[in-house]
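Trainee: Chains as they are written, first to last, in this note's numbering: chain B, 1 to 563; chain Y, 1 to 186.
It should be emphasised that the hints constitute simulated quantities derived from the structure, not laboratory data.
All C-beta atoms, glycine included, are put in the ideal place defined by N, C-alpha and C.
It is possible that some hints are incorrect.
Quick list of in silico lysine-lysine cross-link-like pairs, DSS-like style, CA-CA up to 30 Å [said to hold, decoys possible]:
#1 Y/K142 to B/K438
#2 B/K272 to B/K251
#3 B/K63 to Y/K142
Covered by chain Y, per the in silico footprint, the following chain B stretches (three or more residues, Cβ under 8 Å) [unchecked claim]:
#4 9-17
#5 36-50
#6 307-314
#7 397-403
#8 460-471
#9 502-513
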Amino acid sequence: MDFDAIVVGSGITGGWVAKELCERGVKTLLLERGRNVEHKVDYLDFAAPWQVPNRGRVPEEEKAQHYAIQGTNYAFNSASKQWWVRDSEHPYSTPPDRPFSWIRGYHLGGRSITWGRQTYRLSDYDFGAGRRDGKSIDWPIRYADLSPWYDRVERFAGVSGSNEGLEQLPDGQFMAPMGLNCLERAFKDKVEEIHPTRRVTVARCAHLTEPTAEHIALGRGPCQMRNVCDRGCGYGAYFSSLSATLPAAKKTGNLTIVTDAIVERLDYDHAKRRVSGVRVIDANTRQGKSYQARVVFLCASTIGTAQILLSSRSEFFPNGLANRSDAVGRYLMDHVVGLGAVGTHPGFLDRYYYGRRPSGFYLPRYANITENEDVDFLRGFAFQGYTSRSSWSRGGNEVGVGAELKQKLRTPGRWEMRLVGFGEMLPRADNRVTLDEKRIDKWGIPLVHIDCTHGENERLLGERANRDAAAMLAAAGFENIQANGPVRPPGHSVHEMGTARMGLDPATSVLNRYNRTHDVANLFVTDGSCMASSGTANPSLTYMALSARAANYAADLLTSGEI
Amino acid sequence: MSETASKVDRRAILLGVLCLAGGVTALTRMSTRVVAAVGANGPELDGERFALLEQVAETLIPTTDTPGAIASGVPEFVRMMLNDWASDETRAALLGVLDGIESKAWNKHGRGFLELPADRRLEVIRIVDEEAFARQDGAWRKFKGLVLVGYYHSEIGATQELRFELVPGAWRSCLPLVEVGRASAV
Numbered sequence: 001m002d003f004d005a006i007v008v009g010s011g012i013t014g015g016w017v018a019k020e021l022c023e024r025g026v027k028t029l030l031l032e033r034g035r036n037v038e039h040k041v042d043y044l045d046f047a048a049p050w051q052v053p054n055r056g057r058v059p060e061e062e063k064a065q066h067y068a069i070q071g072t073n074y075a076f077n078s079a080s081k082q083w084w085v086r087d088s089e090h091p092y093s094t095p096p097d098r099p100f101s102w103i104r105g106y107h108l109g110g111r112s113i114t115w116g117r118q119t120y121r122l123s124d125y126d127f128g129a130g131r132r133d134g135k136s137i138d139w140p141i142r143y144a145d146l147s148p149w150y151d152r153v154e155r156f157a158g159v160s161g162s163n164e165g166l167e168q169l170p171d172g173q174f175m176a177p178m179g180l181n182c183l184e185r186a187f188k189d190k191v192e193e194i195h196p197t198r199r200v201t202v203a204r205c206a207h208l209t210e211p212t213a214e215h216i217a218l219g220r221g222p223c224q225m226r227n228v229c230d231r232g233c234g235y236g237a238y239f240s241s242l243s244a245t246l247p248a249a250k251k252t253g254n255l256t257i258v259t260d261a262i263v264e265r266l267d268y269d270h271a272k273r274r275v276s277g278v279r280v281i282d283a284n285t286r287q288g289k290s291y292q293a294r295v296v297f298l299c300a301s302t303i304g305t306a307q308i309l310l311s312s313r314s315e316f317f318p319n320g321l322a323n324r325s326d327a328v329g330r331y332l333m334d335h336v337v338g339l340g341a342v343g344t345h346p347g348f349l350d351r352y353y354y355g356r357r358p359s360g361f362y363l364p365r366y367a368n369i370t371e372n373e374d375v376d377f378l379r380g381f382a383f384q385g386y387t388s389r390s391s392w393s394r395g396g397n398e399v400g401v402g403a404e405l406k407q408k409l410r411t412p413g414r415w416e417m418r419l420v421g422f423g424e425m426l427p428r429a430d431n432r433v434t435l436d437e438k439r440i441d442k443w444g445i446p447l448v449h450i451d452c453t454h455g456e457n458e459r460l461l462g463e464r465a466n467r468d469a470a471a472m473l474a475a476a477g478f479e480n481i482q483a484n485g486p487v488r489p490p491g492h493s494v495h496e497m498g499t500a501r502m503g504l505d506p507a508t509s510v511l512n513r514y515n516r517t518h519d520v521a522n523l524f525v526t527d528g529s530c531m532a533s534s535g536t537a538n539p540s541l542t543y544m545a546l547s548a549r550a551a552n553y554a555a556d557l558l559t560s561g562e563i
Numbered sequence: 001m002s003e004t005a006s007k008v009d010r011r012a013i014l015l016g017v018l019c020l021a022g023g024v025t026a027l028t029r030m031s032t033r034v035v036a037a038v039g040a041n042g043p044e045l046d047g048e049r050f051a052l053l054e055q056v057a058e059t060l061i062p063t064t065d066t067p068g069a070i071a072s073g074v075p076e077f078v079r080m081m082l083n084d085w086a087s088d089e090t091r092a093a094l095l096g097v098l099d100g101i102e103s104k105a106w107n108k109h110g111r112g113f114l115e116l117p118a119d120r121r122l123e124v125i126r127i128v129d130e131e132a133f134a135r136q137d138g139a140w141r142k143f144k145g146l147v148l149v150g151y152y153h154s155e156i157g158a159t160q161e162l163r164f165e166l167v168p169g170a171w172r173s174c175l176p177l178v179e180v181g182r183a184s185a186v
């Protein structure tokens, strides 16, 4: 055996698995399909606005030709362009009338460089949702199983936030919160006065505000409030694989990283009922190679992992490896986005702020938890909030020229608040990833075909989210209130998940309660594909906790000799 | 739309506008430049046209107690964006904005924009601005937006006219505006 463990993918989950395995003494190979990136050196975060290419704008023709999907992401700009794939080089197909936005980056660290850094725990409202309403399978774990792992990953990642004592949004191990601005405080008071069970809290985000000795030893420092996170952070202030987990894994001496290594398929040894090899293609030379290890972790992202499993067909697994349930690729979910509302406030004109807080506030789910009257949908939604005073750019949208215009724009404009809804999406078998049997990519790997739509429940909860957002803004004195819509295609929130779900029953799920495949003893999946339901909270923290937990479980099995 | 087709269309539209608005003299005096400007393959913002852009930008963002658009490199920025960023369609639309300003100057004052004194230039730009917003002209908004980002994200615009710290180092969530002073550039 070359290694004890192979981890496929170096994003948020692959980084965590590699760190935990390496720290347990497991010789680990980390495979990344994209290029190598050097933390700090390869970032454009110290460019002033006048030094950024085209002041942030990607040339229109280049964007249209090469970034038709990626360019729809809020964080896509000329200083972050290197973190997104060219859609023209990495195609996938969808039915013509059912778009899906597959947003991704192929490089060391994956989307841990561009993630929104929002870190919220799921609760038993989420883990128990399927048991309660029957619209998803039951999770094989409960909050108590994950709680210590949430603690562990929050401490290491570094999360700033405020404890609130809410059942639906469990508290955690937080560093000092960043603080609500003047208008957000007033909004919080008004919302909580009118709706006693709703809560407005500062965003919980994976930024260091009070770095520990462990953070500092990894070369990380406190957030400098620059808000250029999508370029990568030279201070290592926000959590990414490059700032945190990979440096920690490297320190053990147990980590080997191979980049430009595209996993084509996994080989299966039926006699041993084990994955016997991981076959890769070099992205540049197209040379094939196979690696062996005692245990394999797929952390290739929801759609990438489904693609690998479905491509790994054999006479024993004709529908794809570990897919006796036929659940691989199915039950694809995202969070419904394009919900909420925006408004401007006439007051607080003599108030402002200093610094560029890289985050906002959060209004956790209340529908079907504390508010059950007149609810015509299952599950619920939450809001992220963003508030600022409008900048000079308003000048481009209003009448005004010359010295008058210049004088006006010297002062910040009115306060604006945007409530961005995230709606839970129910899992449906027909929302699925399959292999395109006719088309291959430039490495000869079948393209994925993604067929995914929102259903009636998503429509209903979205309407309610829009109504509630507008009503809360109106109650707090906002004007010019407009809906955020339209609802975006699934995938747009970059929370895609569910294609290899955990479950109690091997007939209906792919993974057991430790993220091990029911069918193959030495194969684990800990990326978003493991999710049995989406919850309403941003999922990355849960992926981290599940990854750390599964990696330690696998290390136990390696120690005991079971695998 | 192909590049050639879009240029021909733009020229035809422009000439049509001039016929309606400017009369024969304006058409005669303008037509040479219009033909030259849309000529194949050549740089489209050289010479007189760049001078027009400079003065339009400076009229939009003039020198006051802080430097204006020209000192901040806005004309060069807009030219770079036309060359490196804009699609053919956008480039044509943005150049069309300059043509529209020139034709408005002829229409209102019987002279080219560059030949007008500063107060007349401001009047022309004010009319162009008001009319464009009244008819929801996307090209003008795009043009104005480029001039504004060119100015407020230039070093002068960001640090002398407004406020910019590359590394703020702290978040102070709620302060009197007077303590902070001017608007932040980003």
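Trainee: For every hint, state whether the structure bears it out.
Mentor: We went through each hint and held it up to the structure:
no.	hint	verdict
1	Y/K142 to B/K438	43 Å, violated
2	B/K272 to B/K251	34 Å, violated
3	B/K63 to Y/K142	17 Å, holds
4	9-17	violated (count 0)
5	36-50	holds (count 4)
6	307-314	violated (count 0)
7	397-403	holds (count 7)
8	460-471	violated (count 0)
9	502-513	violated (count 0)
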